[in-house]
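Participant: Residue numbers (this note's numbering), protein chains in the order written: chain A, 1 to 579; chain B, 1 to 579.
Hints were generated in silico from the structure; no laboratory data involved.
Keep in mind that the hints are not guaranteed to be accurate.
Heads up, simulated DSS-like pairs for lysine-lysine below, C-alpha to C-alpha not over 25 Å straight-line [as the list claims (entries may be wrong)]:
| hint | chain 1 | residue 1 | chain 2 | residue 2 |
| --- | --- | --- | --- | --- |
| 1 | B | Lys520 | B | Lys41 |
| 2 | B | Lys467 | B | Lys386 |
| 3 | A | Lys467 | A | Lys520 |
| 4 | B | Lys548 | B | Lys538 |
| 5 | B | Lys548 | B | Lys485 |
| 6 | A | Lys386 | A | Lys538 |
| 7 | B | Lys573 | A | Lys333 |
| 8 | A | Lys41 | B | Lys333 |
| 9 | A | Lys333 | B | Lys41 |
Protein chains: 2
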Amino acid sequence: MTRLFNRPSDFASELIEGFVAAYSDKVRQVPGGVVRNTRSKQGEVAVVIGGGSGHYPAFSGLVGQGLAHGAAMGNLFASPSARQVYSVSRAADNGGGVILSFGNYAGDVLHFGMAKERLNSEGIRCEVLPVTDDISSAPIEERHKRRGIAGDLTVFKTAAAAAEAGYDFDATLAVARRANERTRSLGVAFSGCTLPGASQPLFEVAANKMALGMGIHGEPGIEDCDIPTADELAERLVATLLEELPEGVESPRGQRVTVLLNGLGSVKYEELFVVYRRVAQLLGDAGVEVIEPEVGELVTSFDMAGLSLTLFWLDEELERLWHAPAATPAFRKGEITLAEPLEATELEIPDLDVVTPASSESRRAAGCVLSALEAAERVVLANVEKLGRIDAIAGDGDHGIGMERGVTAAVEKARELEARDAGAGTLLTRAADAWADRAGGTSGALWGVALGALGTAIGDEHAPDAKRVSEGVRRALEGIIHFGKASPGDKTMVDALIPFHETLEREVEGGAELAQAWRKAAEAAHRAAEESAHLVPKIGRARPLAEKSVGTPDPGAISLALIVAAVGEVISKGTPVTA
Amino acid sequence: MTRLFNRPSDFASELIEGFVAAYSDKVRQVPGGVVRNTRSKQGEVAVVIGGGSGHYPAFSGLVGQGLAHGAAMGNLFASPSARQVYSVSRAADNGGGVILSFGNYAGDVLHFGMAKERLNSEGIRCEVLPVTDDISSAPIEERHKRRGIAGDLTVFKTAAAAAEAGYDFDATLAVARRANERTRSLGVAFSGCTLPGASQPLFEVAANKMALGMGIHGEPGIEDCDIPTADELAERLVATLLEELPEGVESPRGQRVTVLLNGLGSVKYEELFVVYRRVAQLLGDAGVEVIEPEVGELVTSFDMAGLSLTLFWLDEELERLWHAPAATPAFRKGEITLAEPLEATELEIPDLDVVTPASSESRRAAGCVLSALEAAERVVLANVEKLGRIDAIAGDGDHGIGMERGVTAAVEKARELEARDAGAGTLLTRAADAWADRAGGTSGALWGVALGALGTAIGDEHAPDAKRVSEGVRRALEGIIHFGKASPGDKTMVDALIPFHETLEREVEGGAELAQAWRKAAEAAHRAAEESAHLVPKIGRARPLAEKSVGTPDPGAISLALIVAAVGEVISKGTPVTA
Numbered sequence: 001m002t003r004l005f006n007r008p009s010d011f012a013s014e015l016i017e018g019f020v021a022a023y024s025d026k027v028r029q030v031p032g033g034v035v036r037n038t039r040s041k042q043g044e045v046a047v048v049i050g051g052g053s054g055h056y057p058a059f060s061g062l063v064g065q066g067l068a069h070g071a072a073m074g075n076l077f078a079s080p081s082a083r084q085v086y087s088v089s090r091a092a093d094n095g096g097g098v099i100l101s102f103g104n105y106a107g108d109v110l111h112f113g114m115a116k117e118r119l120n121s122e123g124i125r126c127e128v129l130p131v132t133d134d135i136s137s138a139p140i141e142e143r144h145k146r147r148g149i150a151g152d153l154t155v156f157k158t159a160a161a162a163a164e165a166g167y168d169f170d171a172t173l174a175v176a177r178r179a180n181e182r183t184r185s186l187g188v189a190f191s192g193c194t195l196p197g198a199s200q201p202l203f204e205v206a207a208n209k210m211a212l213g214m215g216i217h218g219e220p221g222i223e224d225c226d227i228p229t230a231d232e233l234a235e236r237l238v239a240t241l242l243e244e245l246p247e248g249v250e251s252p253r254g255q256r257v258t259v260l261l262n263g264l265g266s267v268k269y270e271e272l273f274v275v276y277r278r279v280a281q282l283l284g285d286a287g288v289e290v291i292e293p294e295v296g297e298l299v300t301s302f303d304m305a306g307l308s309l310t311l312f313w314l315d316e317e318l319e320r321l322w323h324a325p326a327a328t329p330a331f332r333k334g335e336i337t338l339a340e341p342l343e344a345t346e347l348e349i350p351d352l353d354v355v356t357p358a359s360s361e362s363r364r365a366a367g368c369v370l371s372a373l374e375a376a377e378r379v380v381l382a383n384v385e386k387l388g389r390i391d392a393i394a395g396d397g398d399h400g401i402g403m404e405r406g407v408t409a410a411v412e413k414a415r416e417l418e419a420r421d422a423g424a425g426t427l428l429t430r431a432a433d434a435w436a437d438r439a440g441g442t443s444g445a446l447w448g449v450a451l452g453a454l455g456t457a458i459g460d461e462h463a464p465d466a467k468r469v470s471e472g473v474r475r476a477l478e479g480i481i482h483f484g485k486a487s488p489g490d491k492t493m494v495d496a497l498i499p500f501h502e503t504l505e506r507e508v509e510g511g512a513e514l515a516q517a518w519r520k521a522a523e524a525a526h527r528a529a530e531e532s533a534h535l536v537p538k539i540g541r542a543r544p545l546a547e548k549s550v551g552t553p554d555p556g557a558i559s560l561a562l563i564v565a566a567v568g569e570v571i572s573k574g575t576p577v578t579a
Numbered sequence: 001m002t003r004l005f006n007r008p009s010d011f012a013s014e015l016i017e018g019f020v021a022a023y024s025d026k027v028r029q030v031p032g033g034v035v036r037n038t039r040s041k042q043g044e045v046a047v048v049i050g051g052g053s054g055h056y057p058a059f060s061g062l063v064g065q066g067l068a069h070g071a072a073m074g075n076l077f078a079s080p081s082a083r084q085v086y087s088v089s090r091a092a093d094n095g096g097g098v099i100l101s102f103g104n105y106a107g108d109v110l111h112f113g114m115a116k117e118r119l120n121s122e123g124i125r126c127e128v129l130p131v132t133d134d135i136s137s138a139p140i141e142e143r144h145k146r147r148g149i150a151g152d153l154t155v156f157k158t159a160a161a162a163a164e165a166g167y168d169f170d171a172t173l174a175v176a177r178r179a180n181e182r183t184r185s186l187g188v189a190f191s192g193c194t195l196p197g198a199s200q201p202l203f204e205v206a207a208n209k210m211a212l213g214m215g216i217h218g219e220p221g222i223e224d225c226d227i228p229t230a231d232e233l234a235e236r237l238v239a240t241l242l243e244e245l246p247e248g249v250e251s252p253r254g255q256r257v258t259v260l261l262n263g264l265g266s267v268k269y270e271e272l273f274v275v276y277r278r279v280a281q282l283l284g285d286a287g288v289e290v291i292e293p294e295v296g297e298l299v300t301s302f303d304m305a306g307l308s309l310t311l312f313w314l315d316e317e318l319e320r321l322w323h324a325p326a327a328t329p330a331f332r333k334g335e336i337t338l339a340e341p342l343e344a345t346e347l348e349i350p351d352l353d354v355v356t357p358a359s360s361e362s363r364r365a366a367g368c369v370l371s372a373l374e375a376a377e378r379v380v381l382a383n384v385e386k387l388g389r390i391d392a393i394a395g396d397g398d399h400g401i402g403m404e405r406g407v408t409a410a411v412e413k414a415r416e417l418e419a420r421d422a423g424a425g426t427l428l429t430r431a432a433d434a435w436a437d438r439a440g441g442t443s444g445a446l447w448g449v450a451l452g453a454l455g456t457a458i459g460d461e462h463a464p465d466a467k468r469v470s471e472g473v474r475r476a477l478e479g480i481i482h483f484g485k486a487s488p489g490d491k492t493m494v495d496a497l498i499p500f501h502e503t504l505e506r507e508v509e510g511g512a513e514l515a516q517a518w519r520k521a522a523e524a525a526h527r528a529a530e531e532s533a534h535l536v537p538k539i540g541r542a543r544p545l546a547e548k549s550v551g552t553p554d555p556g557a558i559s560l561a562l563i564v565a566a567v568g569e570v571i572s573k574g575t576p577v578t579a
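Next comes chain A alone, as it looks inside the complex:
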């Protein structure tokens, strides 16, 4: 269990401070995480990694020469926000574009994906590469659904080595993809971890049992069994991993493979070596040549008891890149020539808080956007309990308080920006960021996506007319579908947003004023939200829970309907629309 902390809510930020204090020769803190404190070549592709905190040395401990250029560091076991990823990427960018790599978890996929869009929109080339090495988390046919565990390291390491060797963006990305395709892991767990201040473990394994394939956040495994001997465990892991050779590898015999035997926290080094002894024998028996293995703690989960075995099937290029020297706080390898440290003032940290000048129309409109957000806040606050109750029927019941955190943060930020003469687009975009940052969870991130898209469409130049607003709503819907991966009928907020968007667009195209069009659209959203009670969720929890929710509307759809109705009243009273 985690025993040493101050206020649990400060843990994640305090650990970054301590980490940076310890390794200031190698890393530097920037908003959202850390970047290298050493000079990289101009034009070098930047490999930016990240994820929730609690997995040290992943992710911050892997930042440094020969490995990642930066790491976005989320809260404990929680994805960093899109804004954090964006901020770290901007600081890490050397003018050669950014490859974002991370374990394939829903929150990370969402936030890194949003950051990518933002970087692209600013002309910075960026691609995402979620690592999918955990073979127990989905069958090979659904490889894209697999989680990323200790195999993160082989992907990060080879991609970064390629970047440092001067590979261009496409070639670096190709290395990262091939490394991911040729990396396979399988893990086991004996006990879960207890987070700072928590009274219960985050997850548990039955006493004297081993959970085969359990994930590093306690995701269910594929089998519970008695704890085997060290040799039996080695045999099980090696045999299973040798059953799934990467494409192009016909037989293990004659292959060169890097092996990672990774401890998750409290399965200690001595046990790992006893297991590794048998792993090495078995791979030798299978005709596999092991190249520069690592036995130790590479991706942990606090003091979770467990381990994973990773096989990284090398080819000539990947072996050269794996072999390349590296010097990070937690991973050092080979004969390195240390890079020059950056001067204290040298790193260009983007000022994410700058307010660019806006037209006077847009500044006036910003006041109306603020009023709309305040109306949204009032209606959310009046319904927090109700939203929680609806959500609790088939979910975890936190939808109400999540919405409260998000909308409150958005209003606070909007007030600040209105006072600073921001335009309507900037005000709404920043309010969206604040919402996503503070609300957490998927629904918070999606509200951030939606309001951000709307804000971008509105811009800081013109007053937002009906056409622009309608166009913004269309983009908001596209963003939510893209990042939220929900289809109509899946019982999500999309089921209310689609009729809202369609009605608004039809009315506006038919020549209606914004206030009237919006009111009709809001009514459509309301009806659709009520009707969502008949639907069965497709995404998310187990079958019995999904069925339990039939008869209750989707809380996300209800939130949306309530908010658009409240905003409609603001528009009717004093619309900022010019035409």
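We have chain A already, so just place chain B on it with the hints.
Facilitator: Positioned in the frame of chain A, the structure of chain B alone reads:
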């Protein structure tokens, strides 16, 4: 707890195999432990470290360029035997002498000390340097009694860097001593570890309590208290360490210090960083400049929950040596030029099992020595239970089975050597090694010392006459007093051995034959052993236990008396003495 093992008794040797399989580029297994697998300069002083297994990366993980030249690896939490230390030292020696460094624990002091004597006797320069950094384990006036914990690393590292920089033996030793004098640590514990196959933890800390100063094997701390916040813990550790500045340091202000914040196993990196954050602030406030700190797992104790803070007060030379590059399996630093790997056949491993030619008289005498050992075995086997019962009154009751293991191993080895035509001296010396290796514990080690001294005095050239035997017994007594640190009257085997020696010497000097002199000496030993019942032990356990033993003779003294009586009968029947 330790979950992954095969047969618990194989754990220590299997972990070495796995470790060497993983890091064969850096280390090579030799009898007794590991040495570097890279070439060192001819004439370079060798730094050989070691201790019980279970503390990875101490000790094997610290072997490699820029750090230790070899590590003797004992069983779990048990000192390596003198023979192991000797063997590793012989393999690590580059012709420049050997510095043996290790944590200051009784078993290690004994065995490394014995290995030193043996190396010296073979003309290899050797000194021991026990590390004494744990300030909670004894007051400053008794610094030599303090235990060694994570501060081991600063001593090993700077000594080895000095050796690699070409310092001669005395200068390297001076660096090691100064590093030890300028290294101070303080640790805390929250829970103990459970060894492979054990059903109970080796030691425990009360729930929700913290033991300040508890040792890495569960040695009692100085205070139990509630678990503090991370900041409070940092404040307590820093304040206590700053109270005891090393000699020559008047004030912390302006000093340059290396900091190690060491996790013992399941206090994880994130917690360490949160604590380190405050440590760095406090040292900054005190005007201390922190140089190249390390936050991580440096000296562990399986999955024990705890940490220690070490301050290493640098001077210019120590800072340069700390800064020097290193590349071991678990500790890498700086810009290193990797040394050439050794060829497979290149390392000269001393054949500890070679039998040098002996005179025919000595070979005949070897048969009598074997008979004497067999007689000792018979009398021990007949008294195992009795010896255990006596020992159980104030001890742990294992004296009988320890003696059984030792004497059985000695007879086995003696039979093998007799069949290989060994001389009496070689036969007895090797039997002594086998006794110490197999018996374990202090009493086993001391029987190894005693028989080894006797065997060396007898030699392989002449038949052992009365004078030589008497001289050998004197050396055996000296060895036991030197390594066992017992004085007459402390209620140990010394209380029987002194009258045995004095009587034997007097009789032999008076012209008596060996058989007659030995019989009188054995009678004196028997009387003294019986009289040891009146004594109160000075060494060892707590007062109440010591008093409990009054009225019962010392089991070690009884063993000695039984054995010398049985050997006396063999000598009387057919003595190998020529004059």
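Participant: The structure should be examined with respect to each hint, and the outcome stated for every one.
Facilitator: Each hint, compared with the structure:
| no. | hint | verdict |
| --- | --- | --- |
| 1 | B:Lys520 with B:Lys41 | violated (56 Å) |
| 2 | B:Lys467 with B:Lys386 | violated (34 Å) |
| 3 | A:Lys467 with A:Lys520 | holds (16 Å) |
| 4 | B:Lys548 with B:Lys538 | holds (13 Å) |
| 5 | B:Lys548 with B:Lys485 | holds (22 Å) |
| 6 | A:Lys386 with A:Lys538 | holds (23 Å) |
| 7 | B:Lys573 with A:Lys333 | violated (68 Å) |
| 8 | A:Lys41 with B:Lys333 | holds (23 Å) |
| 9 | A:Lys333 with B:Lys41 | holds (23 Å) |
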